[in-house]
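Residue numbers (the numbering used here), protein chains in the order written: chain A, 1 to 222; chain B, 223 to 479.
Do not rely on the hints blindly, as some may be mistaken.
Okay, derived cross-link-like pairs now, DSSO-like style, lysine-lysine, Cα gap no bigger than 27 angstroms in a straight line [stated by the list, open to error]:
| hint | chain 1 | residue 1 | chain 2 | residue 2 |
| --- | --- | --- | --- | --- |
| 1 | B | Lys240 | B | Lys460 |
| 2 | B | Lys460 | A | Lys112 |
| 3 | A | Lys112 | B | Lys351 |
| 4 | B | Lys326 | A | Lys112 |
| 5 | A | Lys6 | A | Lys112 |
Here are the computed distance ranges between Cβ atoms for each label pair [unchecked claim]:
| hint | chain 1 | residue 1 | chain 2 | residue 2 | range |
| --- | --- | --- | --- | --- | --- |
| 6 | B | Glu344 | A | Ile193 | 34 to 44 angstroms |
| 7 | A | Ile67 | B | Asp353 | 22 to 32 angstroms |
| 8 | B | Gly347 | A | Val85 | 23 to 33 angstroms |
| 9 | B | Ser331 | A | Asp71 | 51 to 61 angstroms |
| 10 | A | Val17 | B | Glu435 | 47 to 57 angstroms |
If you are wondering where the hints come from, they were derived from the structure by calculation, not from laboratory data.
Quick reminder that beta carbons are idealized off the backbone N, C-alpha and C, glycines included.
For reference, the chains in residue letters:
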Amino acid sequence: MITGVKITILIAVVTSVLSLLFGTVIAVMRNSRIKPLRFIGKLYVEIFRNIPGLFWLLFFYFVFPEILPFDLGKKLNAYPYYPIVASIIGLTLDNTSYVSDILRSGLLAVPKGQREAAISTGLSRVQQYQYVMLPQTFRKILPPLGTRMIHNFKNTSLCMAITTPELMWATQQIESITFRGLEATTIATLFYILISLSLGAIIILLEKYYKIDIASITKMEA
Amino acid sequence: MIEFINVNKWFGPIHVLKNINLHISQGEVIVICGPSGGGKSTLIRTINRIEPIQEGEIIVDGFSLTNPKTDAAALRAEIGMVFQHFNLYPHKTALQNIMLAPMKVRGLSKKQAKERATRLLERVGLADKCDNYPVQLSGGEQQRVAIARSLAMQPRIMLFDEPTSALDPELINDVLDVMTSLTKEGITMVIITHEMGFAQRVADRVVFIDKGEILEIEKPSDIFVNPKHDRTAEFMSKILHIPLVPNNKKERINKAE
Ligand SMILES: Nc1ncnc2c1ncn2[C@@H]1O[C@H](COP(=O)(O)OP(=O)(O)OP(=O)(O)O)[C@@H](O)[C@H]1O
Ligand SMILES: [Mg+2]
Chain A
1 MITGVKITIL
11 IAVVTSVLSL
21 LFGTVIAVMR
31 NSRIKPLRFI
41 GKLYVEIFRN
51 IPGLFWLLFF
61 YFVFPEILPF
71 DLGKKLNAYP
81 YYPIVASIIG
91 LTLDNTSYVS
101 DILRSGLLAV
111 PKGQREAAIS
121 TGLSRVQQYQ
131 YVMLPQTFRK
141 ILPPLGTRMI
151 HNFKNTSLCM
161 AITTPELMWA
171 TQQIESITFR
181 GLEATTIATL
191 FYILISLSLG
201 AIIILLEKYY
211 KIDIASITKM
221 EA
Chain B
223 MIEFINVNKW
233 FGPIHVLKNI
243 NLHISQGEVI
253 VICGPSGGGK
263 STLIRTINRI
273 EPIQEGEIIV
283 DGFSLTNPKT
293 DAAALRAEIG
303 MVFQHFNLYP
313 HKTALQNIML
323 APMKVRGLSK
333 KQAKERATRL
343 LERVGLADKC
353 DNYPVQLSGG
363 EQQRVAIARS
373 LAMQPRIMLF
383 DEPTSALDPE
393 LINDVLDVMT
403 SLTKEGITMV
413 IITHEMGFAQ
423 RVADRVVFID
433 KGEILEIEKP
443 SDIFVNPKHD
453 RTAEFMSKIL
463 HIPLVPNNKK
473 ERINKAE
């Protein structure tokens, strides 16, 4: 069970970090003045947001190894940690589509004058995003982003469908071996609640930490 | 220092800059005024290529802005810009607002940037507000930080787009004082403002723009007292609250008498 918790946390953390990273890239692409980039970004979001996360998990576990050339697929299937890898890929792709959309809306809400100020001091495009627009975006979208991350954390339970030994899977195993389903499920539920609440608490702490910044951003836009 | 040669610009179907020709020498202080929507902002925003132009040429410090080889970012580093609504970075303190570009564009160390920023804040009279976030500053203070932020890049040109028009009257003078002190440093300044007293004191020339055209370029003493154009006269009388008669009419009146 504890191993299950560890793997759940591992998957949640890795997918959250990766989807934040990729989500930022997609959001910036969608904000680009280059049309093909905008299109690719939009296409990505539409594809991954409109198809259930479970589908992508099943896809990467069952289908993906089949369509690989040579015996790469066989090697993958033989790799004992492949379920975890497939879980991470599937969930990251799914979560990225939501995260990028939240980021994009935050980015759109940064006043035009911010970018103009940054441009006029000679900052490069990357620097404008890095130091001026994205920091403001992140502070602003903390609440919806937090909710999304909790959602993503709960989605890790879907990974049991592809035999990933995470918390839900472990609970089922314990139940089928010991027949003490109620106890196992209760404990698992408590773990889920505990971790979700901690995530919520981290978000609140972050909001507190950036309190002046956020107040400043909100007021400046008014 | 800044040269406009037959510049034309459109926003879609709207012709916002019409055949602009203007030569601004190094160290000159130019005030731009004119009715709302006349193209003042657009004009100064073409100088650092925030707004591209469709026809003609603009040469800044020897570099043609229409030449794709010109490194726009490098040129912008030499051109400070101050906005009507300050546009300070709300997530950074006054000091951090000023330090960002010198560190990232000029490659100053954090310590050097901090020294420079502190000196500039002293200079604009805000030494005690280093660690304030923009939200904790009054409008006038924010604008002075914004000016310090531009000065930190040690620009050769400074552009001001109505720097005092979003400010309460009692805060305007602090900002104008800082700007007046800059005029003594040989920085080329292009200022959009309707503070005519200030213009009278500091401007070498005043440019009057209406409907995308430059109607007059005069010494402040001339344009305020002896406007050539009807439209300039009308505008000046509204701004200065005194009746003005354009030159050509005066002559006609004189002849009639
Ligand atoms: N981004 C834009 N897209 C389309 N039209 C624009 C844009 N910016 C300005 N315009 C139009 O261009 C014209 C000139 O605008 P500009 O802002 O340069 O005038 P201004 O002289 O600075 O006026 P104000 O005194 O009100 O600031 C106006 O008709 C305006 O509506
Ligand atoms: Mg304007």
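Tested hints:
A threshold of 27 angstroms between alpha carbons decides the hint, and for B/Lys240 with B/Lys460 the separation of about 25 angstroms falls inside it, so the pair holds. A hinted pair counts as satisfied when its Cα atoms are at most 27 angstroms apart, and B/Lys460 with A/Lys112 does not qualify at roughly 32 angstroms. Of the pairs offered as hints, the one joining A/Lys112 and B/Lys351 holds, with about 26 angstroms between alpha carbons and a cut-off of 27 angstroms not exceeded. Taken as a hint, the B/Lys326 and A/Lys112 pair is honoured in the structure, with Cα atoms around 21 angstroms apart against an allowance of 27 angstroms.
Pair hint A/Lys6 plus A/Lys112 does not hold up; C-alpha atoms about 44 angstroms apart against a cutoff of 27 angstroms. Separated by about 54 angstroms at the C-beta atoms, B/Glu344 and A/Ile193 break the suggested range of 34 to 44 angstroms. The hint said 22 to 32 angstroms for the Cβ distance between A/Ile67 and B/Asp353, and at roughly 57 angstroms that hint is violated. Remark: the range hint 23 to 33 angstroms for B/Gly347 to A/Val85 is contradicted by a beta-carbon distance near 60 angstroms.
Restraint check, B/Ser331 to A/Asp71: a C-beta distance of roughly 54 angstroms satisfies the suggested window 51 to 61 angstroms. A/Val17 and B/Glu435 have their C-beta atoms about 56 angstroms apart, which keeps the hinted 47 to 57 angstroms range intact.
Checked against the numbered hints given earlier, the structure breaks hints 2, 5, 6, 7 and 8 and satisfies all the rest.
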